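Position chain B against the provided structure of chain A, taking the given hints into account.
Going line by line, the protein sequences match chains A and B. Residue numbers 40 to 179, in the working numbering, belong to the letters of the first sequence in order. Residue numbers 130 to 346, in the working numbering, belong to the letters of the second sequence in order.
Possibly wrong hints are sitting among the right ones.
[Stated by the list, open to error] Here are the simulated lysine to any residue pairs, SDA-like style, with alpha carbons at most 25 Å apart: (1) A:Lys117 to B:Asn133; (2) A:Lys117 to B:Phe143; (3) A:Lys124 to B:Lys167; (4) B:Lys187 to B:Asn344; (5) A:Lys41 to B:Lys298; (6) B:Lys167 to B:Thr189; (7) B:Lys298 to A:Ile146; (8) A:Lys117 to B:Thr189.
[As the list claims (entries may be wrong)] Every beta carbon over 12 Å from chain B, so not counted as near; a handful from chain A, in silico: (9) Val65; (10) Val115; (11) Leu172.
Think of the hints as simulated: they come from the structure by calculation, not from any bench. These numbers come from a predicted model, not from an experiment. Note that CB positions come from ideal geometry on N, CA and C, so glycine has one too.
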Amino acid sequence: MKRNLVYALIIIAFIGFVDAFYLTAVHYSNVSLPCFITEGCDIVTTSKYSEILGLPVSLLGTFFYLVIFISGLLYVDKNNKLVLKIIHIITFVGFLLTLRFLYLQAIIIKSWCSYCLVSALTSILLFVLSAYLYHKKNLN
Amino acid sequence: MKKNIWIIGFVVIFIGALAAMWFARSNTGTPSPNSVAKDEVVFTFGPDDHIKGNNEAKVTLVEFGDFQCPACAAYSPVLMDVLKQNEGVLRIVYKHFPLIQIHLRAQAAAQASVAAGLQGKFWEMYVLLFDNQNEWASKTGTADFEKYATQLGLDINKFKSDYNSDLVKDKISSDLKEAIDLGLNSTPTFYLNGKKIGNPKTIQEFNDLIKSAENSQ
Numbered sequence: 040m041k042r043n044l045v046y047a048l049i050i051i052a053f054i055g056f057v058d059a060f061y062l063t064a065v066h067y068s069n070v071s072l073p074c075f076i077t078e079g080c081d082i083v084t085t086s087k088y089s090e091i092l093g094l095p096v097s098l099l100g101t102f103f104y105l106v107i108f109i110s111g112l113l114y115v116d117k118n119n120k121l122v123l124k125i126i127h128i129i130t131f132v133g134f135l136l137t138l139r140f141l142y143l144q145a146i147i148i149k150s151w152c153s154y155c156l157v158s159a160l161t162s163i164l165l166f167v168l169s170a171y172l173y174h175k176k177n178l179n
Numbered sequence: 130m131k132k133n134i135w136i137i138g139f140v141v142i143f144i145g146a147l148a149a150m151w152f153a154r155s156n157t158g159t160p161s162p163n164s165v166a167k168d169e170v171v172f173t174f175g176p177d178d179h180i181k182g183n184n185e186a187k188v189t190l191v192e193f194g195d196f197q198c199p200a201c202a203a204y205s206p207v208l209m210d211v212l213k214q215n216e217g218v219l220r221i222v223y224k225h226f227p228l229i230q231i232h233l234r235a236q237a238a239a240q241a242s243v244a245a246g247l248q249g250k251f252w253e254m255y256v257l258l259f260d261n262q263n264e265w266a267s268k269t270g271t272a273d274f275e276k277y278a279t280q281l282g283l284d285i286n287k288f289k290s291d292y293n294s295d296l297v298k299d300k301i302s303s304d305l306k307e308a309i310d311l312g313l314n315s316t317p318t319f320y321l322n323g324k325k326i327g328n329p330k331t332i333q334e335f336n337d338l339i340k341s342a343e344n345s346q
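Chain A extracted, bound-state conformation:
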């Protein structure tokens, strides 16, 4: 049962990874140019909220899911409680960031990005799942 849940965690992280990697690839394939008064405004794929410290949010997401994915494999391999704790902490941070992105989409940008919603769903699922796994372990 527990092992299956860890596999579920790995699979969800994989889905999140593909989704975020896709967004990152789109971000970098549509190279943006600034607005010039005389030349015109060229398209970029981003709003100003789509970057944190100059990195696209989708790239951070890609690393986030990759870390969870690898940690999941590590847990299956080593069965080390510490790994579960780390997953739990990282997914909690991911969960908080997800709440912020949902807020930005709903209130500030006022538009929903379907791929970002997939990512929101996967990161919430990861958080719930890792919390369950971690606390169940503690109870045992």
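Structure of chain B alone, referenced to chain A:
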């Protein structure tokens, strides 16, 4: 099994990354800077198009614009002057190309302009939106748009309900789709009698282009 899981895991994630990249490359739903704009287009205009000037004019200038784009704002008074100097010969058609990826308020402003258009004041709203771009672009909500609507003497209740109507949104979406289908990737983009022109730097440059378009008719 335990050792294999690493191999399986890395193969799976590698395939996943490749698949994601493949999908990203074939992504065609949004305008891309890599697209190439069509040089010649046969436009047909309907009753819902925003047209200013003599409808029988020999020369038609189509502008694909975005109300939050600074370059479009810079062109707005130029175009009005050009139209005045070429009265009777020229008509201007505005098409919506809101770059919503970079301009959070472009869509809202476009809706305000179309809603004003339903009361016959599209071009008046066009001028106001561009003139006051700095005022409304950084805010949320519709208070500024409603203020302009009041200034123009519009029926404010009708304006508010039109602003959110499907009719208004559909007009913008259909213009946007046209722009994407044409491969456009920047605003403003101009077509003079169906031929794409580079962005003229001066009124004189516009006038020369219009003169030669008129003579080649």
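Against the structure, the hints:
| no. | hint | result |
| --- | --- | --- |
| 1 | A:Lys117 to B:Asn133 | holds (13 Å) |
| 2 | A:Lys117 to B:Phe143 | holds (23 Å) |
| 3 | A:Lys124 to B:Lys167 | violated (56 Å) |
| 4 | B:Lys187 to B:Asn344 | holds (9 Å) |
| 5 | A:Lys41 to B:Lys298 | violated (50 Å) |
| 6 | B:Lys167 to B:Thr189 | holds (17 Å) |
| 7 | B:Lys298 to A:Ile146 | holds (20 Å) |
| 8 | A:Lys117 to B:Thr189 | violated (72 Å) |
| 9 | Val65 | violated (5 Å) |
| 10 | Val115 | violated (6 Å) |
| 11 | Leu172 | holds (17 Å) |
Hints 3, 5, 8, 9, 10, counting from the list given before, are not met by this structure.
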